[in-house]
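**Student:** Under this note's numbering, the sequence shown is numbered contiguously, ending at residue 292.
Calculated from the structure, these hints are not laboratory results.
Take the hints with a grain of salt, since some may be wrong.
[What the hints assert, rightly or not] Heads up, simulated EDC-like pairs for lysine to aspartate or glutamate below, C-alpha to C-alpha not over 20 Å straight-line: (1) K2 x E71; (2) K38 x E259; (3) K135 x D107; (4) K135 x E148; (5) K2 x D42; (6) K135 x D178; (7) K38 x E255; (8) K137 x D126; (9) K38 x E71; (10) K135 x D102; (11) K2 x E259; (12) K2 x E265; (13) K99 x D126; (14) K262 x D42; (15) K137 x D178; (16) K262 x D232; (17) K99 x E133; (18) K2 x D232; (19) K135 x E91; (20) K38 x E265; (21) K137 x D107.
As the structure is a computational prediction, the values presented were derived from the model and not from experiment.
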Amino acid sequence: MKMRQLGSTGLQVSELGFGAGSIGSPDLPACHVEHLLKVALDSGITLFDTAPSYGLSESRLGAFLGSMRREIVLATKVGYGVPGVVDWTFESVAAGVQKALDTMQTDYLDVVLLHSCPLETLQRGDVIQALLECKQKGHVRAIGYSGENEARDYALAGGWLDVLETSINVFDQAFLGDGMQQVHAQGIGILAKRPLGNGVWRFPNCPAGFHAEAYWHRMLAMGPPPQLTWPDLALRFVLSYPAVSSALVGTANPEHLLENVKQAEAGVLADELRESICRQFAACDQGWQGLI
Numbered sequence: 001m002k003m004r005q006l007g008s009t010g011l012q013v014s015e016l017g018f019g020a021g022s023i024g025s026p027d028l029p030a031c032h033v034e035h036l037l038k039v040a041l042d043s044g045i046t047l048f049d050t051a052p053s054y055g056l057s058e059s060r061l062g063a064f065l066g067s068m069r070r071e072i073v074l075a076t077k078v079g080y081g082v083p084g085v086v087d088w089t090f091e092s093v094a095a096g097v098q099k100a101l102d103t104m105q106t107d108y109l110d111v112v113l114l115h116s117c118p119l120e121t122l123q124r125g126d127v128i129q130a131l132l133e134c135k136q137k138g139h140v141r142a143i144g145y146s147g148e149n150e151a152r153d154y155a156l157a158g159g160w161l162d163v164l165e166t167s168i169n170v171f172d173q174a175f176l177g178d179g180m181q182q183v184h185a186q187g188i189g190i191l192a193k194r195p196l197g198n199g200v201w202r203f204p205n206c207p208a209g210f211h212a213e214a215y216w217h218r219m220l221a222m223g224p225p226p227q228l229t230w231p232d233l234a235l236r237f238v239l240s241y242p243a244v245s246s247a248l249v250g251t252a253n254p255e256h257l258l259e260n261v262k263q264a265e266a267g268v269l270a271d272e273l274r275e276s277i278c279r280q281f282a283a284c285d286q287g288w289q290g291l292i
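Go ahead and model the full structure; you've got the sequences and the hints to work with.
**Tutor:** As C-alpha cells, then:
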C-alpha cells in the first residue's frame, strides 16, 4: 500500500483509507468486524475514518485497534450527539472530542472534523474556536471540516483547516481543478469520500436514496467511460490526483475491501484517460454540486 502525506500535518496515511461507517451496525457480529479490520491492516491500510453517527463504529475501532494505536491514524467527527449538550455549540464540540477519546480508548485523536455543519453554524465561529482549543491542548493533532459546496468554501477561506474531507468521484467532480490545487498548495490534507460514487453501476434500475439516486442519474447522463468500465477505473481516477491524500472506502465485506486494494495497487490512470473523464463530466454537467 502506498503512503501519502496528509497535507502539512506531519501525518502519513495510506492512499486507501477505511470508512468505518460500515462497521457500525449492531447486527454485524463483533468477530466479523475484527476480521474485517485485520484484513484492512494486513492490506496496509493505516487510516480509519469514523463519526459518532456511525453506530458502534467508534467503540469497535477502540476495542479492536487499541494495540495498534501508534501505527494507525484515527479520524472522527464532532458537533453533535453528546447527551445533554445542545448540538453545534462550543460545548458540543469540546465534549464531543472528549467523548471520542473515551469511546476509542485513546489519549489523542489524529484528525477531528466538523461533520457537515451548515454555513451559518461555521459563520458563528464558536465551533471552530472549540476545535482550535482542543488542538492547542494536545487532544487533537489536526482539525478540519467534512462537507461540500458553500460551507466547505467558507471553511477553507478561514485559514484554520489542516484537513478537508469532501466528495470526489467520477460522478462528483465539482471540487476538482484549480480549487483543489489551491487547497493542496496551502498544505491542507484532502480526504476523498465516496470515491466509488456509491457503486451505482451495480443497479439496473434507479436506486432509492438521495446520493445513490443522484449519482445513478449522472452516470446515465455521462454514458460509459472511454476505456475500461466504471468499477475498473473509479477508484484509480480519484487516486490519480496527487492532491488527494487518501480515498475512503467503506464496506462490511472483506472480499470487496480486497478488491478495492487491488484497484488501488493497479496504479493511477493515464493522464489522457483521466482528462477524458473530466471532459465527459463537464459536457453533461447540469450545475451538479458535491453531495454531502
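**Student:** Hint by hint, say whether it matches the structure.
**Tutor:** Cross-check of the supplied hints:
Between K2 and E71 the alpha-carbon distance is near 15 Å, which keeps this suggested pair within the 20 Å criterion. With a C-alpha separation of about 15 Å, the suggested pairing of K38 with E259 holds against the 20 Å cut-off. For the given pair, K135 sits about 13 Å from D107 by alpha-carbon distance, which is consistent with the 20 Å threshold. Between K135 and E148 the CA atoms are separated by roughly 23 Å; this puts the pair beyond 20 Å, and the hint is violated.
Only pairs whose Cα atoms come within 20 Å are accepted, and K2 paired with D42 is accepted, the gap being roughly 13 Å. For the hint pairing K135 with D178, the CA-to-CA distance comes to about 29 Å; that exceeds 20 Å, so the pair is violated. In summary, the hint linking K38 to E255 is supported, as the alpha carbons are separated by about 13 Å, within the 20 Å threshold. In summary, the hint linking K137 to D126 is supported, as the alpha carbons are separated by about 17 Å, within the 20 Å threshold.
Proposed proximity of K38 and E71 is supported: the alpha carbons are some 13 Å apart, at most 20 Å. Proposed proximity of K135 and D102 is supported: the alpha carbons are some 17 Å apart, at most 20 Å. Note on K2 and E259: the hinted pairing holds, with a Cα-Cα distance of about 16 Å set against a maximum of 20 Å. For the given pair, K2 sits about 8 Å from E265 by alpha-carbon distance, which is consistent with the 20 Å threshold.
Simply put, K99 and D126 have alpha-carbon atoms about 19 Å apart, close enough for the 20 Å limit, and the pair holds. As the CA atoms of K262 and D42 are separated by approximately 13 Å, the hinted pair is consistent with the 20 Å bound. Under the criterion of a C-alpha separation no larger than 20 Å, the hint pairing K137 with D178 is inconsistent with the structure, at around 35 Å. Pair hint K262 plus D232 holds up; C-alpha atoms about 10 Å apart against a cutoff of 20 Å.
For the hint linking K99 to E133, the alpha-carbon distance of about 16 Å falls within 20 Å, and the restraint holds. A hinted pair counts as satisfied when its Cα atoms are at most 20 Å apart, and K2 with D232 qualifies at roughly 19 Å. At most 20 Å may separate the alpha-carbon atoms for a hinted pair to count; K135 and E91 meet this at roughly 15 Å. Taken as a hint, the K38 and E265 pair is honoured in the structure, with Cα atoms around 19 Å apart against an allowance of 20 Å.
Restraint check for K137 and D107: satisfied, since their Cα atoms lie roughly 11 Å apart, inside the 20 Å limit.
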